[in-house]
Each structure stands twice: as C-alpha cells, then as structure tokens.
Amino acid sequence: MKLFTKYNRINVFATVGIFLLASVAFYFLLRYIIIDQVDQDLRIEENEIETSVKTFHKLPAIIPVHDQYTTFTEISLPSLRKKEFATLKKYVEHEHEDILVRQIAFDINVESQWYHVTVSKSLEGTEDLIQSIIVITICTILLILVVTLLINRIVLKRLWQPFYDTLKRIGDFKLGSKQQLDFSTTNIEEFDLMNGTLRQSIGKAEQDYLLLREFTENASHELQTPLAIIRSKLDLLIQDENLSQQQSDAVQGAYDAIQRLTRINQSLLLLAKIENRQFAETVSIDLKEIIEQKLKQLHELWQSRQITVSDNLQKANIFINPMLADILFNNLLGNAIKHNIENGSIDIKTSQGYFEIKNTGQSQSLDPARLFSRFYKSNTSAENHGLGLSIIKQIWEVSGCVIEYSFEAENMHSFIIRW
Amino acid sequence: MKLLIIEDEKALSNSISEYLNTENFKCGTAYDFNTAMEKIALYDYACIILDITLPGGSGLDILKELKKNNKADAVLIISAKNSLDDKVHGLKAGADDYLTKPFHLPELGARVAAIIRRKSFDGKNTIVFEDLTLDLFDKTVKVHNKVIDLTRKEYDLLLYFISNKNRVISKGAIAEHLWGDDMDIADNYDFIYTHIKNLRKKLVQAGSPDYIRSVYGMGYKLSLPH
Numbered sequence: 001m002k003l004f005t006k007y008n009r010i011n012v013f014a015t016v017g018i019f020l021l022a023s024v025a026f027y028f029l030l031r032y033i034i035i036d037q038v039d040q041d042l043r044i045e046e047n048e049i050e051t052s053v054k055t056f057h058k059l060p061a062i063i064p065v066h067d068q069y070t071t072f073t074e075i076s077l078p079s080l081r082k083k084e085f086a087t088l089k090k091y092v093e094h095e096h097e098d099i100l101v102r103q104i105a106f107d108i109n110v111e112s113q114w115y116h117v118t119v120s121k122s123l124e125g126t127e128d129l130i131q132s133i134i135v136i137t138i139c140t141i142l143l144i145l146v147v148t149l150l151i152n153r154i155v156l157k158r159l160w161q162p163f164y165d166t167l168k169r170i171g172d173f174k175l176g177s178k179q180q181l182d183f184s185t186t187n188i189e190e191f192d193l194m195n196g197t198l199r200q201s202i203g204k205a206e207q208d209y210l211l212l213r214e215f216t217e218n219a220s221h222e223l224q225t226p227l228a229i230i231r232s233k234l235d236l237l238i239q240d241e242n243l244s245q246q247q248s249d250a251v252q253g254a255y256d257a258i259q260r261l262t263r264i265n266q267s268l269l270l271l272a273k274i275e276n277r278q279f280a281e282t283v284s285i286d287l288k289e290i291i292e293q294k295l296k297q298l299h300e301l302w303q304s305r306q307i308t309v310s311d312n313l314q315k316a317n318i319f320i321n322p323m324l325a326d327i328l329f330n331n332l333l334g335n336a337i338k339h340n341i342e343n344g345s346i347d348i349k350t351s352q353g354y355f356e357i358k359n360t361g362q363s364q365s366l367d368p369a370r371l372f373s374r375f376y377k378s379n380t381s382a383e384n385h386g387l388g389l390s391i392i393k394q395i396w397e398v399s400g401c402v403i404e405y406s407f408e409a410e411n412m413h414s415f416i417i418r419w
Numbered sequence: 420m421k422l423l424i425i426e427d428e429k430a431l432s433n434s435i436s437e438y439l440n441t442e443n444f445k446c447g448t449a450y451d452f453n454t455a456m457e458k459i460a461l462y463d464y465a466c467i468i469l470d471i472t473l474p475g476g477s478g479l480d481i482l483k484e485l486k487k488n489n490k491a492d493a494v495l496i497i498s499a500k501n502s503l504d505d506k507v508h509g510l511k512a513g514a515d516d517y518l519t520k521p522f523h524l525p526e527l528g529a530r531v532a533a534i535i536r537r538k539s540f541d542g543k544n545t546i547v548f549e550d551l552t553l554d555l556f557d558k559t560v561k562v563h564n565k566v567i568d569l570t571r572k573e574y575d576l577l578l579y580f581i582s583n584k585n586r587v588i589s590k591g592a593i594a595e596h597l598w599g600d601d602m603d604i605a606d607n608y609d610f611i612y613t614h615i616k617n618l619r620k621k622l623v624q625a626g627s628p629d630y631i632r633s634v635y636g637m638g639y640k641l642s643l644p645h
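Listed in order, the protein sequences are those of chains A and B.
FYI, the numbering for the first sequence is 1 to 419, going by the working numbering.
FYI, the numbering for the second sequence is 420 to 645, going by the working numbering.
Because the hints were derived from the structure by calculation, they are not lab data.
Hints are not guaranteed to be accurate.
As the list claims (entries may be wrong) - What follows is a list of derived Cβ distance ranges for each label pair: (1) A:T282 / B:K558: 31 to 41 Å; (2) A:S365 / B:P628: 47 to 57 Å; (3) A:Q293 / B:D568: 42 to 52 Å; (4) B:P628 / A:Q364: 47 to 57 Å; (5) A:W160 / B:N453: 53 to 63 Å; (6) B:P628 / A:S304: 23 to 33 Å; (7) A:V283 / B:P644: 51 to 61 Å; (8) B:P628 / A:E410: 45 to 55 Å; (9) B:D568 / A:S244: 35 to 45 Å.
What the hints assert, rightly or not - Output of the computed footprint for chain A on chain B, the stretches with three or more beta carbons under 8 Å from beta carbons of chain A: (10) 518-526; (11) 628-637.
Model, not experiment: these values are computed from the prediction.
We treat Cβ as the ideally placed atom computed from N, Cα and C, and that holds for glycine.
Here chain A stands alone, though its shape is the one from the complex (with noise of 0.2 Å):
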C-alpha cells in the first residue's frame, strides 16, 4: 500500500465520520428549533382563545388560515388536566390527505359548557426543510471528499516527486562505476536530510568496495610475484642435468605443489573480482556452441578414461559474462570428468533456459548443505581444492540463475541450472 493511499483511507473515514456525526446533530438540533418555534406559535394560538374566551365569553370564529387547523369539540367534562403537546399525522380535508402536524389540546369552559379544543399547525414544509438541509450537507461532503481525493493526489504526487527521484538515481547506481551520484536538490528539509545521508553512505561504500579492489589486486601482486620467482628458480634448478633421483622428486614435488598453491591463490581471486561485480557485462550466448566447443576441448581428457559422453543439445541462450560462462561450464564439465570412474558416463542437456549436466562417480551422495561452501571437499583428495563449486555458485548467483544437486540410484550426480 502506498503511504498517501494509507493516508488517505484514514482521513476520508475520519471526515466522512465527522460529517456524519455533526449532520445527525445538525439534524436533531433543527428540528428541536424549529418544533420549539412551532410550540410557542401553538401557546399564542391558545392565549388568543382564552383570551377571547374570557372577554366575549365565547368561542373564536375559525378563520382559516393556511397551515394552521382549529377544532372545537363539545365535551361533558374536562378530560385533560392541562394542555397537552404532540407530534401526529392528521387529515386535512382541503389537502385531502394525511399530513404531518404539531398539535396543541386543551379544554375550555365557556359558560358552563366544556369544549375540547385542537390548534395544529402543518409540519410539512419544516420537513421539507430538513430535508434540503440533509441533502445539501451530504452533497457537500462528497464534494469535499472527491476534491480532497483529487487535491492530494495531485499535490502528494508533486511533493513525493524527489523522493522517486532519488529512488531512481540509487536503482541506476552501480558501486565501482565511479559514477557521480547528483541528488536534486529540493527545498523541502526532510527530502534534503536524506539525500545528504545517502550520499554520505554511498559514498562511503564507493570508497570501501575501491579499497577491496586495490586490496584484490594488491593481494594478487603479493602473491603471485613470489610464486613466480618459485618457479622460476625451480625452471633454473631442473637446467642442471646432474641431479640425483632424489632430488629430482623433491623438485617435482615442490613443481606439484607451487602449481597448486597457483590455483588456490587464482580461484580465491576470482571469487573476490566476482563477488565484486567486477564481471558485470553481459551478452546473450548461445549455450550449445560454448558447450560442443568445451566438448571439443576436454575431448582428450574423458576419452583417456573411456567416459562415454552423450549429448542433447538444443539452442538455449543465457545472458550472462562471456569469461564468467567459460569458467561456469569449465568447472561443471571439469568436475564430471575428473569426478569419474573408468569407464564412466556424462550426459548433456540443454534446452531454452535449462542446462543439465549428469555423471557417474562415487557411490554416495555429496552433501547438499555444503556443497558450494569454500574448501568443501567429499573425499580427502589433497589434489582438489574444494573452490570449483564456490565459484560456480558465485557466477550463478551474480548471473541469476538457479543451480540444484542431486543424487540419483547407485553412482548419479546431477547438477541443474535453470535461469
């Protein structure tokens, strides 16, 4: 819900609360006013007959007069002890129908003779009256609803205006870009306080992620410059024809593990440019061919252990970072053949957002929950570094697709993306 959609239902059902509240009041008041005014005619009415009573020692002639209906009735005896008011429907002969009346009764004596007089006065228009008043109050509410409705829809848009824009700049920024981050500026305090405040942050972010990038590289100048003068010295050392058996293993034990450590300290980098966003490009690629071409490269490696390779390859593009797919479907068709068992299987499918790759290797299933963690490995072999998966991960997660394990009867691993 939007804050002036929540803002509004608020204030249209205290308002139409309030005008409701106050129209019954209104209502009632009138018509205690009006009926009040109509009662102290009524008592006039009365004065003039007593007095009339009292002078000329009879009744008044009825002079009819528009609205108001006098009625003398013989009585015996006085049936009212005092004058009684009253609110009743009553026919009117020249109307010829029922119509609302206020009425004064009393009884009078005039010489010896008891009449039960009747002095109504007609309602109606006073009705009317009320009835106007209702409608013309109910009219004005809508009207003020509607106007309200309108007035804050339009203004709220035009003051909430920075604040989208300022949504808008943060949605386009990207960290690492260098891109300047130019908040408009608005007159309004609070619009200001957090433009400030979020250019402070981000500029703080900006800095820190350009920091963890010199720090990448730095690490990555650290490290492979030793690496490489070890190297090198070993290249030098194996010039010298004249080593003895042992020593010779003893080289080629540091050559295995200077070309290990290479790999660690490469793939603990690439984790860091990724989860950098440092690969944030992206081209639509058409799996099929990175995949036959991966095929035709490693073509070597599986047919050394008789691994059988079948595929079913359909067009299937994916938007994501040319290196990151080399590296993605690298590491996936590297795992199922070095992961293998003589004699084994692969097996290749893709379709349009689909890629499923199934091998054969050992007979229990890997554990899920850990599988793309860092350092994560299934056996004790000291030759695998455990990083492959975790790199796998991090492509997908920045490239967005959706990546599943599992394990089907016997010795089956499959791994799924979908995107």
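Please build the complex by placing chain B on the supplied structure of chain A, with the hints as guidance.
Frame of chain A; chain B shown alone:
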C-alpha cells in the same frame, strides 16, 4: 640480439636473464622506472620484458614512451595483475604480448622467440632446426623436404621445444602450454607422455634423429643427440 628485462624483483629478473641468456640473446636488466627509461633511450632492444608495477612509475608509461619515440623494440608485458582490463590496456598501448605471473620460464622463452620472429619477419615464414623445417604459416613440419603428418598438439609441442632448445622443460610447463587452464582437470601427466612419444616416433620414422629426451621424469629437453 639484446633483451631488456624491466622487473623490480631481482630474484625473478635474475631467473629470467639466466634462462634467456644464450649465444643468441644477451640480457640487460633494469630494476626501476628511471633506469629503464635511461636504457630504452640509449639502446635498441630486440625485445623488452616489462613489468607493470615498478618503483618510480608505471610500466605502461615506459611503453608509451617507446611508442612516442617510434622505437621498434618489441614489448612483452609480464604482470601479476591477471585482469582482462589490464591485458586490454597493455595490448592497446602497443605491447606485443602479455603474460601473467606466475609463468613458466619456457613459456616466456617461447613467447619472446615468437615475438622476435614476428618482428624480424624478413620475408621468411619458417624456422629451421637441423634437418627440421617448420612452416609457421601452414603449421607444417618437413624433414628432408618431406611433410610429416603431425597433429596440432604435436606441432605446438615441437615448436615449443625448438623455441626452448637445449633447455629442460618441466612437465607442468608443457601441460600449461598445451592445455592452458584445462589441465587442472587432468591431474596427471600421461597425456604429455603420449603426445611426446607420438611426436618422437613420427620424427624418427621420417628419418630424423631423436632430438627429444626425458630428463629424470621431471621434464623433457630438445637438443642435438650426443
């Protein structure tokens, strides 16, 4: 021919010059930016091996200086920065090749040899080693004017050996040259053994002496048979 190694790590610089120093190549060294600028102003080199991060300045500025003065020196960048941007920058600035640390010295040797061949093209497209003639354009090998049918990998291997003749090349260096990063998957050197065995067999069958021999199982070396 003279080479200049601009590298601030003395240990690495010494390794490179020791490996590349032969009767053909004489290596000079510069350990910092200013010395390097002096040397490139004074002498002409067949190839300059250039590190990017140097005390006193950037290797890229040295490269720009060379290009500004229209020097014909070939440049091979060796850098610890394994990022695509740096590679692109370096090659755009006019470097002939780019190698990321840590590299194998034979790989560096092969790259330097290739760059120099390209620069001093002088109309011929072939490398001759004893009775072997390699056609770089067609990627074919002839022995006594007879073409030997080599696979792509065998041809690459032979060229790599000839570029590093009389040097022992470790199996790791061979693996990385032939397969690049994919070799991580193989975990063993059986493939190298198979390729080298086939190459030697084909050369001997064509009537050439067996130039390649194994050194203690650590590596291989191409040289004239004793």
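Evaluated hints:
1. Between A:T282 and B:K558 the CB atoms are about 35 Å apart, so this pair conforms to the stated range of 31 to 41 Å.
2. Take A:S365 and B:P628: their Cβ atoms lie about 56 Å apart, and the range 47 to 57 Å holds.
3. The given range of 42 to 52 Å is broken by A:Q293 and B:D568, whose C-beta atoms sit roughly 25 Å from each other.
4. Separation of B:P628 from A:Q364 is about 54 Å and conforms to the stated range, judged on CB atoms against 47 to 57 Å.
5. Taking 53 to 63 Å as the suggested C-beta distance range, the pair A:W160 and B:N453 conforms, at roughly 60 Å.
6. A C-beta distance of roughly 30 Å is found between B:P628 and A:S304, which places it inside the suggested range of 23 to 33 Å.
7. A hinted range of 51 to 61 Å for the beta carbons of A:V283 and B:P644 is consistent with their spacing of about 52 Å.
8. Separated by about 53 Å at the C-beta atoms, B:P628 and A:E410 satisfy the suggested range of 45 to 55 Å.
9. A hinted range of 35 to 45 Å for the beta carbons of B:D568 and A:S244 is consistent with their spacing of about 40 Å.
10. Only residues whose C-beta sits within less than 8 Å of a C-beta in chain A count toward coverage, and the region 518-526 of chain B has 7 of them, enough to reach three; the restraint holds.
11. Coverage of the region 628-637 of chain B by chain A holds in this model, with 4 residues showing a Cβ closer than 8 Å to a Cβ of that chain against a need of three.
Hint violations for this structure: number 3 only, all remaining hints satisfied.
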